[in-house]
Each structure stands twice: as structure tokens, then as C-alpha cells.
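Visitor: Taken in sequence, the protein lines are chains A and B. Numbering-wise (this note's numbering), the first sequence opens with residue 1 and increments by one. Numbering-wise (this note's numbering), the second sequence opens with residue 1 and increments by one.
Honestly, I wouldn't trust all of these hints.
Simulated DEER-style distance windows between Cβ atoms [said to hold, decoys possible]:
#1 PHE24/B / GLN282/A: 49 to 57 Å
#2 LEU36/A / GLY263/B: 24 to 32 Å
#3 ALA13/A / GLY146/B: 33 to 41 Å
#4 ASP433/A / GLU45/B: 51 to 59 Å
#5 ASP433/A / LEU496/B: 21 to 29 Å
#6 GLN61/A / ARG227/B: 48 to 56 Å
#7 ARG335/B / GLY230/A: 42 to 50 Å
The calculated EDC-like cross-link candidates involving lysine to aspartate or glutamate, where the alpha carbons are at most 20 Å apart (straight line), are [stated by the list, open to error]:
#8 LYS55/B / ASP377/A
#9 LYS53/B / ASP377/A
#10 LYS320/A / GLU193/B
#11 LYS302/A / ASP437/B
#12 LYS400/A / ASP421/A
#13 LYS368/A / ASP421/A
#14 LYS229/A / ASP200/A
#15 LYS46/A / ASP377/B
#16 LYS55/B / ASP435/A
Derived from the structure by calculation, the hints contain no laboratory data. Think of the CB as a built atom: it goes at the ideal place given N, C-alpha and C, for glycine as much as any other residue.
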Amino acid sequence: MRYLPLQAADREAMLAAIGVAGIDDLFIDVPADKLLAEPPELPLGKSEMEVERELGRLVAQNVSASSVPFFVGCGAYKHHVPATVDHLIQRSEFLTSYTPYQPEISQGTLQVLFEFQTQVARLTGMDVANASMYDGSTAAGEAVLMAHRLTKRSKAVLSGGLHPHYVAVIETLSRHGGATVDAIPADPGESEDLAAHIDDETSCVVVQYPGVFGDIRDLAPIAEAAHAKGALLVVAVTEIVALGALRSPGEMGADIVTAEGQSIGNGLNFGGPYVGLFATRQKFVRQMPGRLCGETVDADGKRGFVLTLSTREQHIRRDKATSNICTNSGLCALAFTIHLSLLGEAGLRRLAEVNHANAVTLAGMLEKVRGVELLTDAFFNEFTVRLDANAENTVDALAKRGVLAGVPMSRLLPARRDLRDLLVIASTEVNTDGDRTAFVEALEEIL
Amino acid sequence: MSMNTEGRPTRPTAAVGETPFETFTGNRGLDHEEPLLFERHANAETTGVDLPKAKTVKPRLGGLERDEPIRLPGLTEPETMRHYVRLSRKNYAIDSGLYPLGSCTMKHNPRLNERMARLPGFGDVHPLQPQSTVQGALAVMQSLSGYLLELTGMASVALSPKAGAHGELCGMLAIKAAIEARGESRSVVLVPESAHGTNPATAAFMGYGVRSIRARDNGTVAPEAVRDALDDDVAAIMLTNPNTCGLFEPDVVAIADVVHEAGAYFYCDGANFNAIVGKVRPGDLGVDAMHINLHKTFSTPHGGGGPGSGPVVLSDALARFAPVPYVLRDGQRFRIVEDEVAAEEQGNAPLGRLTAFHGQMGMFVRALTYMLSHGCDGMRQASEDAVLAANYVRAGLRDLFTQPFGDRPCMHEVLFDDAFLKGTGVSTLDFAKAMIDEGYHPMTMYFPLVVHGAMLIEPTESETRDSLDLFIATLRHLAEEAKAGNTALFEGAPRLAPLRRLDETRAARQPRLVYTTPEDPREAAE
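Between the sequences and the hints, there should be enough to build the whole structure, so can you do that?
Guide: Here it is as C-alpha cells:
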């Protein structure tokens, strides 16, 4: 077996050194009737070539985003990731190291995390950020729990523009933690009156920016309404590239900003691994969940970085911890930081500009198609249309014509029969004129 | 046995009057000083990505255009390579040396896993594409599930949890849902003192009171102690097996029985499953729920702290409470059930949803690649080799080091305490830092908390006998130096790492979590 260095002679010598006759003498604490005499009934080991062939058969059944005109979004986006990123994250020293518990021999990871935290804080317009969460949805869930701790209240008001799966994650955490959720129904046409839902029990209002339908709105009035009642504004961003073009949530009064960072540096990966971003105000830092990296000095007075404020965390505080989180998304955070370093301010702004221009162009083309109504006035790279047809059937028909057209809202909200004609369409820098034409022509044929 | 609450030292002791060799640049041979991204000569226009010019369109941003600078420095490609390559060289890694972190399972990460996960059909597919276009991805999830169920002997698996602690939450939520479905409400969870910190944190997070269980003098849990702690208010026990002392719980079946008799459930922390894959099945031991760290047992890379993946296997009693989404086979096709209503239509009662999409697909592909590569014979051999290696280290050190529970076979990791350092003036931390100078990553220290000055060593199955011999010889050498009174060797360590010991107290008292400049008024005012 190519991954196991020990050979039969080694094993025998080692058993002798230990002073036992056979390997099962080391498994003496396992109840004898439970110890398996034979390996489980699964296939035997395979060579690299055989494994490649077997998985190659499966992978051939999937349609990859790069192989077709691709417009699917709703929380995960197809962007171009520079070759440099994937090369660097496969450096052994980044790929095969653990959480940086020994700072003297982990400064690589730690300095990257410090750079990551700074980039995230600046991008979101906040003071501080943590060293990453599992993904955008769990980050939003943790933000709600943090708001409960900070305000000592337990009701979260969720905007109807929050991704339905994020709503479900927050509801799952709340249902079992004794907190309540006031989730406003999704409604792409109407402007919801969030302020009317905020009362003295409300710990936070959660708003997605841009919303799940792609719409963008000024958050400042919502921040004001929340703060007037002693509640916090949590802003969830699912398309982080948008912040290259849009006013930051921090500027508009957000108290906690969470985001899905996948768009920068990370592939689609069928939903994971991704990287959750989590940023807040300086004054709230001790209630933050997750790992934090901080600056300090070593015994010679040289600057260095360590994991810090660990008294918030489970391995120190156990049942008094701010969260049970242990693992973060280190390698995805590294990919994010490298890609954002490559982009820089100029590159990020250009990337955002290209995304917006592509989406505006596509929206303009679709608006002219009979049976298509554009519902989103202001948007970044994603918008919603109402079709004169069932959106899911339309998407399936387009897929047969080789176009992956977007997300039918029924995929996210199957119970909402009134939304079955809605299609959410994303357009990023990867789309070409040919992609757009193919989409529009195929749609015209179907509708 | 009692909990060790003194913690470990977090401040370096003063360096011991040595004059380091100074260079003009501060660089030391291959080890370069590398400034922060934000400290480099800044040019706002610099970028390492060439993008097409945007089409000229009338913006539709609703008047919310960003007008303030973001202050994100950019690097060209060569600068990026050098910056991050230099940083990478300041990290210890499995690929460069033995990484004996107990409980963390730093085994070899096969590169075929990486290649497979990057195939466009896996790495470049969207979670919300039409299901007809991702049948191969769903097949991978189904196949991985099949392997996990066969290896654990359990009834069902929830793949979506993102890491071990997330899996714990999933399993405990399933238990809570099952108890509620019986029309009961229970408020206490039993957790042995040697547990990972995530266990009590998860229980408390869900509103449970945590009742501690003391271990016996041999480091394992007695069924009687569990029975004494049980009543009709106890929802579950969270037991790690093999436990964090590196021991298989010999009375695990009896523990499961008393737990079940009391109407409670057995949550097993599966962080140490790597010791027993193909040797014993948790389902045969009475486990109701167990998370599996794909990043430990099934070789997906740790990546400097993540991403992980924490699928949870569930017993018959809990299977119907698994969260959405889940994959099922529908004739010749695979289907993913994404919403709770659809799951309920199938007679399930899902506990809810834990993450936006389907879980860590990239890790599923890697773990499945590892399983296919090893096969049932190889996975069993890997567990045996991991246990063999740990016992070999135990045998090589047992006359010089001290074992808190006596000299007895361990599983995949061997636990020592600091009794052998008593009177030497050398602490566990000092000892570990001296290992760094010898070219080793230290073992897990001061955990489990039930053992004073704990040193938990997990060599894994990835080491040759030569490598283990040198490791043993090195630790013997250090122990002898400590016993000979050579405290200076330890106090100043590490000397040869990129940095000396860091002041963690200062980092926590005056937290600097982002880069700030004096000329930045907003940040300087904080």
C-alpha cells in the first residue's frame, strides 16, 4: 500500500520491541466479541490509475460551470481564480499544517490570517474580523447568537431578502437554543417594512446585501431603526465581490457583517468548502466566535503573530465558550487572501465593474424577450425575472440546450407556489457575448 | 483524578544572555523577513490580475456606489509568489516532518486526493445546478455514505456538517429531536472530564446542563459512574472512544446499555475513529450518533486550521431526524432532498438545516479517493499501523517518561504526564519548545486536562521505523538533558525557529487584530 511505509519485517520487529505477540494484543481493551476478524466488506485497495478511472466515470456525468454558458448564483458564484492561487495553496507548508498552536513554527499561517483579518475588516468597513468561519450561512447563524449575547435578548428579525437556506440555518440554531425568529416572507416586488418588526425583544435585524433576489438597498435607515430600539444590524453578504462596487455595510451602520467569501479565491466545489467572513466593531470583539489572530512580540522583541483571546473558545472555556467552533476554513481563507492581494484595490474595483456591466447588459437583453419581466431595479451582478412559465421547467429545458440559466426560486422556496415563475440570474466576469446570446436565443425558443 | 486548572505558561521567560548572530537584512539564510502586505511600497494601481475592460453601461447600483477607498494593496504575480512562498517557509508541515499532535491525526495527505477534487466536474459545479447535471457529484456523496456506513455499522449518515464540532452539534440536535418526538424534555448531558472542549461547548450551546463524569484511576470511564450520574433528566452521554487518553473504553458496551436503559442516547465523539477503522464498528458498541472528522481519519488536509468535514453517522433510532439536505437513490437516478417538507413527506422528521448547501464536497471527493485507494484491507492496516507506531513510541520511552495510568497498551496515541520532569525545573511547555529546535513539531500539550502537564503523542501510520527511532532517541535525549539539570537548553527554546517564544499575554491584553497605521485617524482612535 503506497501510503503505508511500514513493511512486514518492521511490524514484526516493532511488535517484539513492544513485547507483544501480535497486533490484536494491542487491541485488548476492545471487547473480544466486537473485534472484527476480517476487514469490512468493501473493495480492496486500488492503484492511482484505477482510482482515476473509477472517479473519472462519475465526474463525466457532471456539467462543469466552465463548459457551458453559466448564470447560476444564489449564494455561490462562478468567478475566475488566477492560477497563482491554486498553486500557492498547495504548498505543503500551507496545505499540510495544523491550526497554528505553536506560533514559533507557524508564522506563515499566522501572518496570512492577520492579513486576511485586515482585508476583511477593510472590505466590510468594520474594525475587526476573525480568522474565518465554515461558510457564509454558519457565519450568519453565529452572528445572530452573538447579537443575542450582546443584547441579552433573544429575537432575531430576518429580512425576506435573506437566502432561504440561511433562514433555515438560523432557525435550526434558534429552535434548539430557546431563541425566536421572526422571518419575514420573501417578496421580490415589495419593499418590506423591517422597522415595524423591531421591538424591545429584538436582538438583531438580519439583512442580506445584495438580497437573495439580487436587489440592493440603503442599509442606513434599517441601522437607525434597529439602533433606536437597542437592536443590532447584522448584514449578510453572499457575493463579496459586490463590495468592490457598493458602499460597505460598515459605512451604513452595520454592527456585525458576515459574508460568504467563496467568490474570491475559491471554486464552486458543489457547495463547499467555502469560507465564512465575520467582522464587527472593536467594542464587541470579546463576544466574537471563532479563531482570532493577533500581533505580539517574541522573546527577542521581534514582531510575530499568535492565536489570541482564546478565553472565548471551547478548548479553554468549555461549556462557557462563545461558540463550539474549533476548525475554521484556513486554506480557503488563504486562497481568499492571495486572490485579493493579486487583485488589490484597482483589480477588485475593475472586477466588480465588469461583473456589474455584464449583468446590466444581460438584464437589458432579457428585458426585451417576450414573456420575461425584470423585477430588480437596482442590482450588482444578479437579478430576478418573472417568466410567463414555470421557472424550474424553463431551467431544465435550457439545461438540455446547454445553458445553465440560474436558480428557480422554487428550488429555494418549494412551498411558495406564488414564486414558481421567478428565476434568479447571475452574471459574472466569466460570461462572454456568446454566452449571453446563447442564453437569450435559447430562452426565446422555449418561451 | 482531578481537573488540572493551572493551565500552561503564556509568557516567555527572559532570554538567557545569548547574543544572536545579526545580519544586515535580518534574514537568516533561507529564512527571510517578510513584511505585511500592508507595509509594502504601495501603489494604488498595482494589480496582478488582467481583466477585460467593462462594457459601457448605465449603472444600476441604486445610488449606492462605493465612494471611499477600500485600502487594499495589490501585488503583481511575481510579488505575490515571493510574498506567500516566503511566508509558507515559516510553517512546520506534515510533508516536512513528523507531526505528533495527539488527537489531531497529522497523517500523510495523498496528492491523488487533491487531483481528484480539482477535476472540473467536481470542483467547478454549482450546488444549485439542475440535479440532472450533477449526477456524478451525487453519486460521490452516495458512495462516501456507503463506505462510512459499512465502516461504522450505523443506519444512516448526515454529510452536511462542516467540521467535527459542527457534526457534534448535528448529532446532539438529532438526539434532542428524538427526545422531543417522544414527548419528553431532558436537560442534562453527561461529559467525562477528559473530553474535548467542543463536547461541553456543544451541550451548553444547546441549553443543556453539563454533568461531569470522573474517570477511574486507569483513565477510562466506569459504567457504575455513568449509572450513578443518570436519571430521567439526562438526554445523552458524550463519550470519546478511543478516549483522549489514547485508551479504548473497555466497558463501552456496558456504558451504552445503562445509558439506553435510562432512555438516554450515546453520542460518541469520533475524533479518534482512525484507531479502529476496519477493526471494530461503533454501531456494534451501541453508539447512537458519531461524527467523523474526514480531515483526521480520512486524510483530507488540515490546511492550517481547516476546512474540515464532519459527517455524522446515526443509529436506527435517530436516522429519521437527520438534517436536510440528503441524497437518495431514485431508480437509476440520484436525488438530493433539500427542504424539510419534502423530507417529511418521506416519513422523516429532519432536525433542520445546518448549512446553506450540501456540505464539504471537496472533502468528500478527497476522502472517497483515500478510501478507494486504501480499500478495506488498507484502511484496516492503516489503523493497525497507527496503533503499532504509538505503542512503539510508548515502548521506546516507558523507562524514562511517566505514564499516568501505568504501562499498558494504548491505541493510536500515547499519553505521558510531567511526573518525570518533577524537580528538573523543566515544564511540559519547555520540553515541547526544545523539540522545535530538534526539528519536530511538539506533541499535544496540557490536554487532556485530567492529566498534569499532559503530553499526548500521535505518530500516525505515516512514519517509517527509522523516523520513529530517531524521534524516540530525540525525546530520550531531551529527557536525559532535563534530568541532568541542563535547564538552559529548555528555557531559551526554541532558538532555531523563525521566532523565539511569543508573548501571548500581551497579545490578549492589548489585542491588535488588524493592521493599523498611525496616519489612519479612524483606526488610531480605537
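Visitor: May I ask which of the numbered hints given earlier this structure violates, with the numbers listed in increasing order?
Guide: 1, 4, 5, 9
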